[in-house]
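Here the protein sequences line up with chains A and B, keeping their order. Under numbering that gives the first Met the number 0, the letters of the first sequence match residues 0 to 247, in that order. Under numbering that gives the first Met the number 0, the letters of the second sequence match residues 0 to 333, in that order.
By construction, these hints were calculated from the structure, which means they are not laboratory data. Even glycine gets a Cβ: it sits at the ideal position worked out from N, Cα and C. Worth double-checking, as some hints may not be accurate.
Unchecked claim - In silico BS3-like links for lysine-lysine, alpha-carbon gap of 27 angstroms or less:
1. B:K286 - A:K121
2. B:K286 - A:K219
3. A:K71 - A:K2
4. A:K118 - B:K159
5. B:K291 - A:K121
6. B:K291 - A:K219
7. A:K118 - B:K286
8. B:K286 - A:K224
Claimed, not checked - Per label pair, the in silico range of CB-to-CB distance:
9. B:D210 - A:V119: 29 to 35 angstroms
10. A:K175 - B:E129: 51 to 57 angstroms
11. B:Q17 - A:N92: 32 to 38 angstroms
As the list claims (entries may be wrong) - Facing chain B, according to a computed beta carbon distance under 7 angstroms, are these residues of chain A, among others:
12. L6
13. P120
14. A241
15. I244
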Amino acid sequence: MFKADILGETLKDGIEALTIIVDEARVHLGKDGVYARNADPSYVAMVQFELSAKAFENYETDEEVVTLDLKKMQDILELANRTDVIQMAIDDNRMALSFGDLKYTIALLSPYSIKKEPKVPKVESAAHVVITGKEFRWAVKAAGKVSDNIALGCANTDFFMEALGDADTMRLELSKDQLVDVSRTDGKSDEVRSLFSLEFLIEMSKAVGKASEVSLDIGKNIPLKVGFDFADGNGSVSYLLAPRIEQE
Amino acid sequence: MGVPIGDLLPRTKIELEQIDSVAIDAFNAIYQFLSIIRQRDGTPLMDDAGRITSHLSGLFYRTAHIIEAGVRPVYVFDGEPPELKKDTVIKRKVTRERATQEWLQARAEGRVDAFKYAQASARLDEQVLESSKALLRYLGIPVVNASSEGEAQAAYMTSKGDVSFTASQDADALLFGTPRLVRNLTITGRRKLPGKNVYVHISPELFELDDILASLEINREQLIEVSILVGTDYNKGVKGIGPKKALRMVKSFGIQRVLDNLGESLDYERIKQFFLDPDVNHEYDLKWAPVKEEELISFLCDEHDFSRERVENTLQRITGVQHEADQRSLAQWL
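Based on the sequences and whatever the hints tell you, model everything.
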């Protein structure tokens with residue numbers, strides 16, 4: 000049994016954050032809130048998602064794990080306003096979604112229809128950077144004008160995002176005083192950078208762009224961790240994105 | 000070449016797309032190219048300077064084919080042949096020289112069996128080996144030099160998990176302990192049967208050591224004993240014993256009793272020990288680099304007279320795949 004009421008904005012944003020990586024997800028409905036960890040089929044990107052019970056208007060559960068068709072939910076929720084309160088109920092392998100005068104009943108997916116929960120990679124980053132969500136989205140969009148990839152790096156405590164196309168380049172540099180926060184977690188000052196496909200980052204930046212702050216954990220040729228909060232701090236999303244190998 | 004126990008071994012089909020990385024027995028693959036890629040009268044492909052290029056053609060186009068399917072190959076070259084193999088090496092040399100004479104005569108007489116003798120005359124000399132390594136370097140493919148047998152080295156790299164598969168036409172790599180052996184990797188496709196005007200489709204086959212041992216109900220040491228009775232590169236088999244009989248006898252009596260009963264004396268422990276603990280090179284670097292396009296074109300087209308158009312088209316296909324392959328998976332950080 001699961002019954003909950005939630006603001007349309009929170010549910011829409013939460014589902015958007017997940018659908019950037021997966022169309023279907025295994026979701027834990029725990030006593031303290033909702034938790035999910037899913038990776039894309041090629042295992043290039045992963046999302047870890049938490050939404051506290053406090054983010055809901057009402058929240059009751061017997062604690063269960065369900066497999067949701069997120070794309071279908073997102074499609075249905077296009078009809079809901081961000082200010083609507085969405086009533087959710089799960090019973091007998093079906094989920095009821097009600098808002099306004101509409102009531103949808105959708106089937107849950109078989110737990111065997113998607114892969115097991117992925118293991119979390121062990122990544123030791125070299126730098127922790129915090130910038131505004133808006134700035135991150137803007138820089139990613141700017142990179143897309145000249146390349147399919149973007150490098151994220153740090154030289155000492157200066158953060159940079161750089162895109163190199165066949166003929167054109169884009170570089171954004173932000174020094175310590177232009178950033179919300181920056182620290183070298185490896186205690187070093189040399190330049191570290193990793194290259195990433197913009198395909199995932201452009202999608203991620205759509206969810207990230209709404210957040211006031213986004214944290215980036217970066218290093219030398221290691222996965223990027225992108226973290227941000229939503230639902231007034233009651234929800235958190237963390238993406239991991241595997242790097243591309245830079246051509247020598 | 001290799002231990003003739005293939006008929007005993009269960010196998011499954013495998014698609015190239017299922018193979019992520021593979022250690023290829025280079026001598027085995029190059030020998031296949033040298034014997035298969037020939038004109039009708041058995042003459043190998045040659046450049047304008049008269050140097051043999053059959054192996055370069057095979058290495059380039061066949062390797063490109065597997066790279067296109069997403070496979071990351073490593074070529075493993077033999078080192079010094081072990082002392083145990085001395086007799087086999089001499090015997091092969093004699094066979095090759097005899098075949099070369101037969102081929103030249105058959106070709107001069109315009110006989111149809113010229114191709115057969117030409118195949119048996121194929122040899123891996125310094126020019127063939129050095130030009131093969133140069134080509135692989137330009138392709139950005141790692142080359143590993145084994146201390147001794149290439150198959151033993153490839154088996155070691157596979158069981159260590161540095162690559163997922165070993166590729167060879169011979170079953171010996173299984174005796175050396177590879178958990179997964181792929182056959183026909185570099186000769187996949189439509190092939191003409193030797194001496195006949197018949198074509199067959201050859202596709203890759205997978206042999207998994209655990210499955211083989213479970214299905215034959217023996218352990219690896221017993222599989223080696225079966226092979227020793229049938230004959231390996233390091234010993235002559237016992238006369239009158241084929242793979243099935245050897246399996247039955249090893250399972251029922253063990254190799255020592257079989258040899259005692261037949262009055263055969265054979266230092267099988269030494270051979271067994273060689274398969275179980277071969278000399279391998281522990282220092283190797285598996286780094287796949289981007290294709291050096293200009294150097295490669297110059298090497299194949301300017302030095303060895305390959306068709307520039309065909310080489311460039313093939314390069315275009317593999318550099319496209321390499322670009323995609325640059326994307327890493329999170330699995331590497333588990």
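**Which numbered hints fail** = 5 and 12
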